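Visitor: Note that the protein sequences, when read in sequence, are chains A and B. Residues in the first sequence are numbered consecutively from 0, following numbering that gives the first Met the number 0. Residues in the second sequence are numbered consecutively from 0, following numbering that gives the first Met the number 0.
Since the hints were made in silico from the structure, they are not lab data. Don't take each hint at face value.
To be verified - Some residues of chain A that are not near chain B, with every Cβ distance over 12 Å (derived): (1) 78; (2) 227; (3) 251; (4) 340; (5) 352; (6) 384.
Claimed, not checked - Here are the simulated lysine-lysine pairs, DSSO-like style, with alpha carbons at most 27 Å apart: (7) A:129 / A:350; (8) A:156 / B:39; (9) B:39 / B:90; (10) B:198 / A:39.
Remember, it's a predicted structure, so these values are computed and weren't measured experimentally. All C-beta atoms, glycine included, are put in the ideal place defined by N, C-alpha and C.
Protein chains: 2
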Amino acid sequence: MSSPRIVICGAGFGGLTAARTLGEWFSRSRRAGNLLLIDKENYHLFQPLLYQVATAGLSGPDIAVPIRSILRRFPQIIVRMDDIRGFDLQKEEVLLEGGAVPYDYLVLALGAITGYFGHATWSEHASGLKALSDAHQIRNQLLLAFEEAESTEDLRKREELLTVVVVGGGPTGVELAGAIAELARRVLRRDFRRIDPTKARILLIEAGSRLLTQFPERLGRIAEQKLRGLGVDVRLFSPVQDLRERSVVLAAETIRTATILWAAGVSPHPLAASLPVPRDRSGRLLVLPDLSLPGHRNVFAIGDMVSVPGVPAIAPAAMQMGRHVAGVIIRDLGPGTARPENRDPFHYRDKGMMATIGRAAAVAWIGRAAFNGPVAWFAWLAIHLAFLIGFRNKVSVLFEWTWAYLTYRPGARILLRSEGTGRPKRRSPSASSRIEDRPGTSGSSR
Amino acid sequence: MSSPRIVICGAGFGGLTAARTLGEWFSRSRRAGNLLLIDKENYHLFQPLLYQVATAGLSGPDIAVPIRSILRRFPQIIVRMDDIRGFDLQKEEVLLEGGAVPYDYLVLALGAITGYFGHATWSEHASGLKALSDAHQIRNQLLLAFEEAESTEDLRKREELLTVVVVGGGPTGVELAGAIAELARRVLRRDFRRIDPTKARILLIEAGSRLLTQFPERLGRIAEQKLRGLGVDVRLFSPVQDLRERSVVLAAETIRTATILWAAGVSPHPLAASLPVPRDRSGRLLVLPDLSLPGHRNVFAIGDMVSVPGVPAIAPAAMQMGRHVAGVIIRDLGPGTARPENRDPFHYRDKGMMATIGRAAAVAWIGRAAFNGPVAWFAWLAIHLAFLIGFRNKVSVLFEWTWAYLTYRPGARILLRSEGTGRPKRRSPSASSRIEDRPGTSGSSR
Chain A
0 MSSPRIVICG AGFGGLTAAR TLGEWFSRSR RAGNLLLIDK ENYHLFQPLL
50 YQVATAGLSG PDIAVPIRSI LRRFPQIIVR MDDIRGFDLQ KEEVLLEGGA
100 VPYDYLVLAL GAITGYFGHA TWSEHASGLK ALSDAHQIRN QLLLAFEEAE
150 STEDLRKREE LLTVVVVGGG PTGVELAGAI AELARRVLRR DFRRIDPTKA
200 RILLIEAGSR LLTQFPERLG RIAEQKLRGL GVDVRLFSPV QDLRERSVVL
250 AAETIRTATI LWAAGVSPHP LAASLPVPRD RSGRLLVLPD LSLPGHRNVF
300 AIGDMVSVPG VPAIAPAAMQ MGRHVAGVII RDLGPGTARP ENRDPFHYRD
350 KGMMATIGRA AAVAWIGRAA FNGPVAWFAW LAIHLAFLIG FRNKVSVLFE
400 WTWAYLTYRP GARILLRSEG TGRPKRRSPS ASSRIEDRPG TSGSSR
Chain B
0 MSSPRIVICG AGFGGLTAAR TLGEWFSRSR RAGNLLLIDK ENYHLFQPLL
50 YQVATAGLSG PDIAVPIRSI LRRFPQIIVR MDDIRGFDLQ KEEVLLEGGA
100 VPYDYLVLAL GAITGYFGHA TWSEHASGLK ALSDAHQIRN QLLLAFEEAE
150 STEDLRKREE LLTVVVVGGG PTGVELAGAI AELARRVLRR DFRRIDPTKA
200 RILLIEAGSR LLTQFPERLG RIAEQKLRGL GVDVRLFSPV QDLRERSVVL
250 AAETIRTATI LWAAGVSPHP LAASLPVPRD RSGRLLVLPD LSLPGHRNVF
300 AIGDMVSVPG VPAIAPAAMQ MGRHVAGVII RDLGPGTARP ENRDPFHYRD
350 KGMMATIGRA AAVAWIGRAA FNGPVAWFAW LAIHLAFLIG FRNKVSVLFE
400 WTWAYLTYRP GARILLRSEG TGRPKRRSPS ASSRIEDRPG TSGSSR
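Just chain A, with the same shape it has in the complex:
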């Protein structure tokens, strides 16, 4: 293969790491070849800080970097913003909204979406937190609830508006509940005249016996204590029976609330189900030890789409997988025409995991050692800053954090309620981007 065509689908942590590793190898080895990186957005999103966009601490561009900008120094990499429709593994083609693209190597790195355990209607009542639009939507919902509580005369309704329920006691749920508690109790404290935001009820609902089940038990208990200290009503052993319009149904009680946030589960990208590959119970792809798909030596899947025993669904794991797959492809393409028969299996190097619980508190589980308190919090800050892509973003986030820490007045408390509604619907880019393909629809209906 003198000029191999490599297609990477998804520019999250896994896909981007694979692209960079391959781009560097192409540059260094002066090999011909082309690498196409496809994503439905024009930016790479630093998901670990998404909850801070949702809770008005950061703004979107702080944690999103244009993919083209990240990869501009690799001439072999072509970035394409497009919607992936499917894959034809027989013809070796990726089917895009804008046509089919052939590949010699394919890397699937499409990540996960919010999953509701098969309860289709629950998504109507509870917002997940996977995309930047989710974060903006949650921010609007939270800020608007306080605004409406301030202006309503109906006390029952006010109580509903001042109740926030976070479902799921994993890292996302813990971080969201902590950040919302701080928003209400410290940030918005003096902003209102008729309501007292510090009286807002924030509930964290968890089905199991403790929070942060991926962490050692002690750290889960510490997180629980810290959250209770911030005024969060932590409910363990409380599986959700049903989500309805403005209410969360538990076995013992039904909680009336204007804001339900869902942090209880994710599903792999829906396209995972379209592949002729075995999947685990939650729908994640079961891959071979080298991360290729069974029966398709030139197709790999990485990150939150796949299930590899002992590997958690976190950014460092996706990045390691991306690097591994790039290495396998590089060795395949390396000097000599014979491709190696035996490929190295993927080995996960556990760098630990961590979660923050509001101001100056965090838990970390690194190399079999448990940390908490300010040390863990500083480690969390430093590691997240270090991995955030782009110097501009690092400076901007560091400034926002310092400012918010000193003043309790984070910068992004902006309610974009006219977003997408102030103008006629057809002007939304996702609609207009497809208009030209269907000339028949471009007439009076718009």
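Knowing the structure of chain A, use the given hints to seat chain B on it.
Guide: This is chain B only, laid out in the frame that chain A set:
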């Protein structure tokens, strides 16, 4: 009036200045009273920098500050986020979405919206730039046009996508055209593989004989030269005959383009037309010299809603009007029971005006003196930073400017195309905010 009720509608430059001036007076004089400030958003928007949000230089929260946060130290001021439905000047009530509010004094400061000279359909084809949602919409449209141009095979369509038409040669049009030219020629230059963003056509269409008619002729010519130097195709004497789907019709030619931006006119807020008050040809209210409405001594109108001879529709004028009206009300409420019969008329103090044309170029007209070049540009930077509310915002904008100046890589090139479309429509806050009022609609239709 021992405890006067003052209602200010609109938290732009005029309304906010009036509120602050009155808030300070209430605090200083220890008078009882309450002041209600109503806005449809929860933030004050620094409109002079809106074009930089539209052209990916700044992000929304950089130029938007929560109103409650600005006014939190004034206990007499109540901030309410609500939609104003109308005014009953006989009953002395403001009619809100959430009920009627009585007033003793009313200040109307609702500003302006994009105006299309009565061509109702033009708004479907051309985006204006008055609200934060407009800026986000334009940013998405611009970035998406380049993305689509990169992926299309159709050369005619590619040309359309790489053509941007700005209509209107006033300060907004000049600043937009200059910033878009820089975005294409300097920022996006190396980001694409198949298209060359530096070949994008940017046209600035002006009906009259020159740009910046509010400025001295020489500055208009300098702005024109600077724009041409940036590659902008400036068309004078070119009134728009019609705007259609993806095309701008001029007398001599029809320009095919995917992006039409409208900077040719504004209209006063639609509620201006509902008031029993004479208006000028463009619909702006004609007020008495003290800025009160004829026949309504306790109702004032300020800012872009009103027409006062010799006063331009710019932020400093609105702020001066806000301060003037606050002063009139304060003297009315001052010691003694007799209100002054004669009120001071409003006098505009001309502090000058300025416009930037891309990097290190600007024109300024200050105290009958014309400036241009780097001096004017630095003055522009300094003055805009000085007037931007909030220390956090000043630092953040200064950092973004410095960064973009040094690197040509501004931070907000994020295409939020899933914003408002990724989730079911009913979750948009402006929709959900009204749901509770109409229980009958909350069923299966959503």
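Visitor: Run the structure past the numbered hints and jot down the numbers of the failing ones, going up.
Guide: Going through the list in order, the structure violates hint 1 alone and respects the others.
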